[in-house]
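The chain contents come next:
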Amino acid sequence: MKQETEAYRVSHPRAYATGRLAFKGENIERFLIGRQLCVIFLVFFIARLTTSNALWFMRGSGVATFIMEAGLLGALIVAVLAQLAPQIVASKFPVQFMQCRGMNSALRVCLFLEATGIAHATWLIAYAWIRLAGWRDPPNINEAAISNVAEVRVTAYEFNYSPQPLRKTPEPYNSTNPYPYP
Amino acid sequence: MVTVLNFVRYAFSCLLVSAAVFAVVAAIATSETSFYLVPQAVQGLLLVIGLFLLGIVEGLQMCGRPTHAHNVLF
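Protein sequence lines, in the order shown, are assigned to chains A and E.
Following our numbering from start to finish, the first sequence increments by one per residue and tops out at 182.
Following our numbering from start to finish, the second sequence increments by one per residue and tops out at 1074.
Quick caveat, the hints were computed from the structure, so don't treat them as lab data.
The beta-carbon is built from N, C-alpha and C at its ideal position, and this holds for glycine as well.
Heads up, some of the hints might be wrong.
[Claimed, not checked] Sample of chain E residues at the chain A side, in silico, Cβ under 7 angstroms:
#1 1018
#2 1023
#3 1025
#4 1037
#5 1040
#6 1041
#7 1053
#8 1055
#9 1056
#10 1059
Build the full structure now, drawing on both the sequences and the hints.
Now the structure itself:
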């Protein structure tokens, strides 16, 4: 279940602002695309920076030479220090993580990368895939209900037990309509 | 027994990462990397900045990942 952003609006204002930006429109999908571009660029860059020929004390050993020249040590550093550790921390304390300075800027950089259009083919491929598979959203679940499990339960209850279809906006009370609710 | 095994695993991992950091720093110091034309200090700085940015982006992504039912933000 998604945590309500209002719950940390006062205590963690920077996290709240970042969350609000992430929620806007299709920013989640745009962030995922921009974020992946960012990660790939950085990983390739770090790989170039950490891969080298075997050092002087490794040159006699075939295994050590392979490990050094294949970039496995750089991969280990990237995985442990820059990928797994931040992921573990963020999964345990996401609000505190997003409260750190620079998170909003990082999100904006990811959105900007997506907006440049480098990876817009992704949208075409995704839409084509969904279209070909014939996948559709369930008709009875609206967008607000998806983000709130409790609301889905209420909707399902009303759907099952209400004697007639519910009106989304009840008609206003007046003399000609004394019982606006069904 | 489990505690000893965990200690061995932690120690092994820390040793491995330390060795990797040492090897990469040594490679940068001896200008053995692909960026050998760039000064060593700049190479080191670029590496730290790259790792830092990567950490931010990876953590930000985890904030929205629906793995923990109680703390997913987006």
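Status of each hint after checking the structure:
Evaluation of the residue 1018(E) hint against chain A yields a violated restraint, the C-beta minimum of about 10 angstroms exceeding 7 angstroms. Given the 7 angstroms rule on beta carbons, the hint for residue 1023(E) holds: about 5 angstroms separates it from the nearest Cβ of chain A. Evaluation of the residue 1025(E) hint against chain A yields a violated restraint, the C-beta minimum of about 10 angstroms exceeding 7 angstroms. The criterion of a C-beta within 7 angstroms of any C-beta in chain A is not met by residue 1037(E), whose closest approach is roughly 12 angstroms, and the hint is violated.
A hinted interface residue such as residue 1040(E) counts as satisfied when its beta carbon comes closer than 7 angstroms to some beta carbon of chain A; here the least separation is about 11 angstroms, so the hint is violated. Checking residue 1041(E) against chain A: minimum C-beta separation of about 13 angstroms lies over 7 angstroms; hint violated. With a least beta-carbon distance of about 6 angstroms to chain A, the hint placing residue 1053(E) at the interface is held under the 7 angstroms criterion. A least Cβ separation of about 4 angstroms between residue 1055(E) and chain A falls short of the 7 angstroms threshold, and the interface hint therefore holds.
Checking residue 1056(E) against chain A by beta carbon gives a least distance of about 5 angstroms; that is within 7 angstroms, so the hint holds. Using the Cβ-Cβ criterion of 7 angstroms, the hint placing residue 1059(E) at the interface with chain A is satisfied: the shortest such distance is roughly 4 angstroms.
Hints 1, 3, 4, 5, 6 from the earlier list are contradicted by this structure; the remaining hints agree with it.
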